[in-house]
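> Sequence:
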Amino acid sequence: MLSTRKIPKKWVILMALMAMVLAVSACAAPAAAPAADSGEMAADSDDEMMEEMHFRATIPFFAQDWSPLRGGGWNMHYLAFWNAGPMYIDEHGELHAYVFNEWTPNEDMTQWTFKIDPDAVYSDGSAITAQDVVATWNLIAHPATTHQRVTLFLTGVVGFEDVFNGEAMEMPGVVALDDSTVQVTLEGPDPLFHKKLATNLIGPVKASVAIGEDGFEVAEWWHPKNNPVTSGPFMPDEMDLNRGVVTFVKNPNFWVAEPMLDRFTVTSIEDTTIVTTMLANDELDQGWPPNDATSQALLGADYFECAEAPGIGGFFMNPTIEPTNDINFRKALILAVDREQLFNLSSPDGSGWVPSGEPLRALPGADPNFVPHPYDPEAAQEAMAASAYSDVADVPKMIMAGVSSPGMEVLAQYMAEQWRQLFGITAIEMSPQFDSWEGPGAPALFRDGAGVRVPDAALMLLGSLHSSSNLARNIMGGYADPEVDSLIEQAVTKGADDPDRIALAQQAQQIFQDQYMVIPIGTGCGGSAKGGAMPWVHGARRNADAQFIEPWKIYIEHME
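For the sequence shown, counting from 1, position 74 maps to 74 in my numbering; every step adds exactly one.
Just so you know, these hints were derived from the structure itself, not from any lab.
There could be a bad hint or two in this list.
Heads up, simulated SDA-like pairs for lysine to any residue below, C-alpha to C-alpha not over 20 Å straight-line [to be verified]:
no.: 1; residue 1: Lys397; residue 2: Glu378
no.: 2; residue 1: Lys115; residue 2: Val256
no.: 3; residue 1: Lys553; residue 2: Val121
no.: 4; residue 1: Lys397; residue 2: Pro372
no.: 5; residue 1: Lys225; residue 2: Asp237
no.: 6; residue 1: Lys553; residue 2: Lys115
no.: 7; residue 1: Lys225; residue 2: Lys115
The calculated label-pair distances, taken between Cβ atoms and stated as ranges, are [as the list claims (entries may be wrong)]:
no.: 8; residue 1: Gln515; residue 2: Met559; range: 46 to 56 Å
no.: 9; residue 1: Asn226; residue 2: Asp271; range: 28 to 38 Å
no.: 10; residue 1: Thr146; residue 2: Gly350; range: 53 to 63 Å
no.: 11; residue 1: Trp536; residue 2: Met169; range: 19 to 29 Å
no.: 12; residue 1: Asp292; residue 2: Asp498; range: 14 to 24 Å
no.: 13; residue 1: Asp292; residue 2: His92; range: 46 to 56 Å
Virtual Cβ for every residue (Gly too), placed ideally from N, Cα, C.
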């Protein structure tokens with residue numbers, strides 16, 4: 001039996017006071033007998049007193065945009081609750097059907113055909129159609145939608161580049177053959193293209209609701225005030241964006257299974273130390289507290305259990321602007337930073353993995369011969385002397401963007417102090433945001449990262465180091481290396497079991513490493529079977545991409 005939550009002390013006191021009032025009122029004249037049967041009334045009363053099963057989560061950021069079409073942001077960690085993806089990948093890397101229940105490639109892997117589950121419907125009961133899928137993918141491919149990761153999924157589709165560059169509105173490579181069949185034509189063979197689509201970040205939306213006559217996204221169509229239609233196990237119910245409280249209720253028409261939870265709420269709490277206290281006091285069920293001694297003492301070390309995640313995260317350098325367009329300058333900055341110290345600052349208790357800067361970490365194809373950049377102050381000074389900025393007076397102001405949390409600021413301040421002591425560099429500005437990708441307001445360093453939804457080396461690099469990726473196009477200011485691109489493009493055409501697929505990816509990775517492009521940070525933690533939730537939360541699993549898996553199976557049960 002699924003138990004209700006423990007009753008807070010304040011409610012016990014209130015109930016005691018109510019009992020006293022009832023006792024006094026019992027001394028008065030008796031009330032008239034009820035007309036209804038007393039047994040029926042008791043049953044109704046019991047039903048009313050049954051507490052709904054409510055999952056309470058939090059994010060450390062006041063999100064004002066809850067569109068499922070952004071492909072990023074803290075709130076996207078919970079996208080699986082209200083948006084169904086084409087397919088999904090579990091915590092073991094296994095592929096599962098979802099909106100699509102069949103997928104078939106042609107002989108040379110240049111065309112894929114996908115069938116929609118005939119039971120798949122939106123929250124209003126209408127069918128999810130192939131036309132909706134096509135319209136959604138055209139919409140997120142366009143720059144006006146500002147989808148942060150669309151290049152991970154649709155790069156290589158015929159016509160994608162034209163739409164992505166704003167030169168077209170539709171990809172001729174994505175068509176609806178009928179109401180339930182989507183056909184995708186690629187520019188070249190891709191044996192794992194179907195697995196790239198296994199994410200909630202590109203799930204179909206109902207075109208007639210979310211897309212206007214001009215082909216662009218309807219403003220705030222996702223807000224409860226506009227009666228949105230969703231496809232996941234839950235749907236928006238209330239949104240107070242000023243307070244940072246967003247609530248979802250179960251979708252009565254979800255076709256996979258009835259969700260076990262009745263309600264799901266995400267509250268924005270910027271002070272993560274408060275999150276620790278609220279979790280410990282049973283005021284939250286899941287969140288992102290700091291992984292420190294205090295949190296571990298209150299929540300238990302198991303709360304922070306995680307698996308090593310594939311991918312690369314850190315401060316990426318922009319090779320197209322001064323001063324980070326100088327490889328020796330980049331080398332100097334990197335060798336001046338102690339990765340182990342960065343790790344200690346990120347994880348005071350030592351849990352996790354020291355960042356190596358290897359994109360293929362934790363993947364089949366991780367290179368056993370990969371050598372991280374060392375902490376070498378003497379070599380750093382030599383590199384700076386060999387750069388165009390040997391005179392510190394010539395170093396222009398550097399913007400470090402993406403410094404969006406107290407923890408991230410600690411890491412950025414450590415780096416800046418290292419550069420001040422070793423080189424005398426002081427003109428550094430830290431900011432959560434920035435003015436422009438280009439010109440004086442462009443960041444020289446940008447804190448970001450890239451992972452992979454599919455445990456595959458070639459796809460990891462396609463979505464991170466290839467010039468078509470968001471990380472290369474934007475975060476690294478238009479990074480493009482022809483040799484890196486060529487190796488990755490060759491790798492993705494190889495079969496999943498072809499050893500050349502990994503060998504080519506490793507070669508591309510090494511070329512990037514030799515270019516001194518990133519200061520790796522973080523603990524390397526990814527998804528976990530426990531989903532970063534309290535012990536009374538069951539079924540809160542997350543995959544390596546930190547996306548919740550099968551949230552309709554999550555339930556609350558306090559062990560007595």
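> Check whether the Cα positions of Lys225 and Lys115 lie no farther apart than 20 Å.
violated, 33 Å
> Mind checking the hinted window 28 to 38 Å against the Cβ distance between Asn226 and Asp271?
holds, 31 Å
> With a cut-off of 20 Å on the C-alpha distance, tell me whether Lys553 and Lys115 pass.
Cα-Cα ~25 Å, so violated.
> Between Asp292 and Asp498, does the C-beta distance stay in 14 to 24 Å?
violated, 45 Å
> Does the beta carbon distance between Trp536 and Met169 stay inside 19 to 29 Å, or does it fall outside?
violated, 48 Å
> Is the hinted pair Lys397 and Pro372 satisfied, with a Cα-Cα distance of at most 20 Å?
Violated, at roughly 28 Å.
> Could you see if the CB distance from Asp292 to His92 stays within 46 to 56 Å?
violated, 30 Å
> Straight-line Cα separation of Lys397 and Glu378 no greater than 20 Å?
Given pair Lys397, Glu378 is violated - Cα atoms ~24 Å apart, limit 20 Å.
> Indicate whether the distance between the beta carbons of Gln515 and Met559 respects the range 46 to 56 Å.
holds, 53 Å
> Tell me if the straight-line CA distance from Lys553 to Val121 falls inside 20 Å.
This hinted pair holds, its Cα atoms lying about 19 Å apart.
> I want to verify a distance hint. Is the separation of the beta carbons of Thr146 and Gly350 within 53 to 63 Å?
violated, 38 Å
> Do the alpha carbons of Lys115 and Val256 lie within 20 Å of each other, as the hint requires?
The given pair, whose Cα atoms are some 16 Å apart, holds under the 20 Å limit.
In this structure, the hints that do not hold are numbers 1, 4, 6, 7, 10, 11, 12, 13, in rising order.
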